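**Q** Given chain Z, put chain F in place with the hints provided.
The lines below spell out each chain.
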Amino acid sequence: MARRKDPVTELRRGALELALLAFLGRSPCFGGGILPGLAEATNGGLELTEGALYPALHRLEKKGVLVSEWRQDEGAIRPRKYYTLTDAGQERLTILSQAWRKLADGLEGLLEDSE
Amino acid sequence: MSQQMIDDFLRRLRRGMGGCSGKVKDASVMEIAADLDVRIQASGGDVPGVIASFEDPVALGRALRAVHGSGVRTRLLYMLPAPLLGFASFPAFQSVFPAWPVNLCLLLAIILVLRGAAITGRITGAIIGGLVAGPRIILMIATGVALGFIQESIGYEAWTIDGGTIFVVLLTSLMLPVFGFLVGARVSPPA
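Protein sequence lines, in the order shown, are assigned to chains Z and F.
In terms of our numbering, the first sequence has 58 at position 58, counting the first letter as 1, and numbering is strictly consecutive.
In terms of our numbering, the second sequence has 290 at position 175, counting the first letter as 1, and numbering is strictly consecutive.
Bound conformation, chain Z alone (with noise of 0.2 Å):
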C-alpha cells in the first residue's frame, strides 16, 4: 500500500531547493548550521529533518549546484563539510526565486478570491 504523505511535508519538500539554495546563497554554511539556521530564517516555516536535508544537498552536489569543503572550525573536534553555491547554483537560485515569486502572487491572489 502506497505511504500517505503529510500534505504539508510534501509543500516543503517542493519548498526545499529553493530555500536551501537562497540559504547557502548568503553564506557557505554545514549541515548541523543549516537545520537550525534555515528554521530561524523562515520563522519555523521549514523545519527539516536529518531524512530530508542530507540527501538534498547530496543530489544538489551531484548535479553541480553546490560544492562542498571539509573545514576545521575552532573548537570543534571533527572537521565540517561546509556548502557552497556554485556559479550554477547562483543562476538556478535567480530561476527558481523568480518562478516561486510569480507562483507565490499568483496564489496568494488566488486564495484571497477563495476566502
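Please keep in mind that the hints were generated in silico from the structure rather than gathered at the bench.
Model, not experiment: these values are computed from the prediction.
Treat the hints loosely; a few may be bogus.
Stated by the list, open to error - Here are a few chain F residues that face chain Z, going by a calculated C-beta distance under 10 Å:
#1 Ala-142
#2 Ser-143
#3 Ile-147
#4 Ala-148
#5 Ala-149
#6 Asp-150
#7 Leu-151
#8 Val-153
#9 Arg-154
#10 Gln-156
#11 Phe-169
#12 Ala-174
#13 Ala-181
#14 Val-182
#15 His-183
#16 Val-187
To be verified - Listed next, the in silico SDA-like pairs over lysine to any residue satisfying Cα-Cα at most 20 Å (straight line):
#17 Lys-138(F) <-> Pro-55(Z)
#18 Lys-62(Z) <-> Gly-186(F)
#19 Lys-62(Z) <-> Val-187(F)
#20 Lys-62(Z) <-> Ala-22(Z)
#21 Lys-138(F) <-> Gly-64(Z)
#22 Lys-62(Z) <-> Lys-138(F)
#23 Lys-63(Z) <-> Asp-123(F)
Yeah, the Cβ is synthetic: ideal placement off N, Cα and C, and Gly gets one too.
**A** Chain F alone, transformed into the frame defined by chain Z:
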C-alpha cells in the same frame, strides 16, 4: 557510554548505506558525525537526547544510498554469480543428474535477485534478473535444438523438452527481471 551510543548510531548509519562505495560511506558518516558533535555540544552533552531527536540512522543511510547509488564492487558481487545460478537452475540437468539441486539453485537465484535489487536499485535488480534468466532461456533453446538434431539424425526420441517444461522455464526466467525491477529500491544510478 555516550561515545558508545555515538559509535552505535554511526554504525547503524553505515549499515543503512550498505551497497554504497566505501568512500561515499566514509564521507557521509564523517559529515554526520561532525554535525552530531555540534548538536551534542549545543545541548550540553546530552547524547541520548540528541540521538533520540535525530533521524533514524538506518533510514537516513538508506535515503543517502538512494542518492549515491551502489558501488561497483557491490553490483559485481550480485551480478557475477547470477549467470552461474541461471545455468545451474536449468531443469534438464535433473534429467541427466537426478541429484542435481535445481530447485535449490532456483531459490538461490531468486534470493540473489531480490536481495541485489533491494541493495543496488531497480535497474541493476532487473539486470541481475536478466543475467539469471538469459542463460536459462539460452540453455533451453540450445537443448531444444540439440535434441531436435539428435531426433532427426539418429531417430532417438527418448529425451524431449515438453511444453510444460518450456512454460515453467520461461515463466520462472522472465519473472526474475520483473521482480528485480519491482522489488528494487529507488536508487540513483552510480556516479
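**Q** Run every hint past the structure and note whether it holds.
**A** Hint check:
Checking Ala-142(F) against chain Z: minimum C-beta separation of about 8 Å stays under 10 Å; hint holds. At a threshold of 10 Å, the smallest CB-CB gap from Ser-143(F) to chain Z is about 7 Å, leaving the interface hint in force. Because the closest C-beta pair between Ile-147(F) and chain Z is about 7 Å apart, less than 10 Å, the hint holds. The beta carbon of Ala-148(F) comes within 6 Å of a beta carbon in chain Z, closer than 10 Å, and the hint placing it at the interface holds.
The beta carbon of Ala-149(F) comes within 4 Å of a beta carbon in chain Z, closer than 10 Å, and the hint placing it at the interface holds. Given the 10 Å rule on beta carbons, the hint for Asp-150(F) holds: about 3 Å separates it from the nearest Cβ of chain Z. With a least beta-carbon distance of about 8 Å to chain Z, the hint placing Leu-151(F) at the interface is held under the 10 Å criterion. A distance limit of 10 Å between C-beta atoms decides the matter here; for Val-153(F) the minimum to chain Z is near 4 Å, and the interface restraint holds.
The interface hint given for Arg-154(F) holds, since its Cβ lies 6 Å from the closest Cβ of chain Z, which is under the 10 Å cut-off. The restraint placing Gln-156(F) at the interface with chain Z holds, with a minimum CB-CB distance near 8 Å, inside the 10 Å limit. With its C-beta approaching chain Z no nearer than about 6 Å, Phe-169(F) sits inside the 10 Å limit, and its interface hint holds. At its closest, the beta carbon of Ala-174(F) sits 6 Å from a beta carbon of chain Z; the interface hint therefore holds under the 10 Å criterion.
Taken as an interface hint, Ala-181(F) checks out: its beta carbon lies about 7 Å from the nearest beta carbon of chain Z, inside 10 Å. Nearest Cβ of chain Z to the Cβ of Val-182(F): about 5 Å, under the 10 Å cut. The hint holds. Among the interface hints, the one on His-183(F) holds; its C-beta lies about 7 Å from the nearest C-beta in chain Z, closer than the 10 Å criterion. The restraint placing Val-187(F) at the interface with chain Z is violated, with a minimum CB-CB distance near 17 Å, outside the 10 Å limit.
Taking the CA atoms of Lys-138(F) and Pro-55(Z), the gap is near 16 Å; set against the 20 Å cutoff, the hint holds. Distance check on the hinted pair: Lys-62(Z) and Gly-186(F) sit about 15 Å apart at the alpha-carbon level, within 20 Å; holds. The suggested pairing of Lys-62(Z) with Val-187(F) holds, with an alpha-carbon distance near 18 Å, which does not exceed 20 Å. For the hint linking Lys-62(Z) to Ala-22(Z), the alpha-carbon distance of about 18 Å falls within 20 Å, and the restraint holds.
As the CA atoms of Lys-138(F) and Gly-64(Z) are separated by approximately 19 Å, the hinted pair is consistent with the 20 Å bound. Between Lys-62(Z) and Lys-138(F) the CA atoms are separated by roughly 15 Å; this keeps the pair inside 20 Å, and the hint holds. This hinted pair does not check out: Lys-63(Z) and Asp-123(F) have alpha carbons roughly 32 Å apart, beyond 20 Å.
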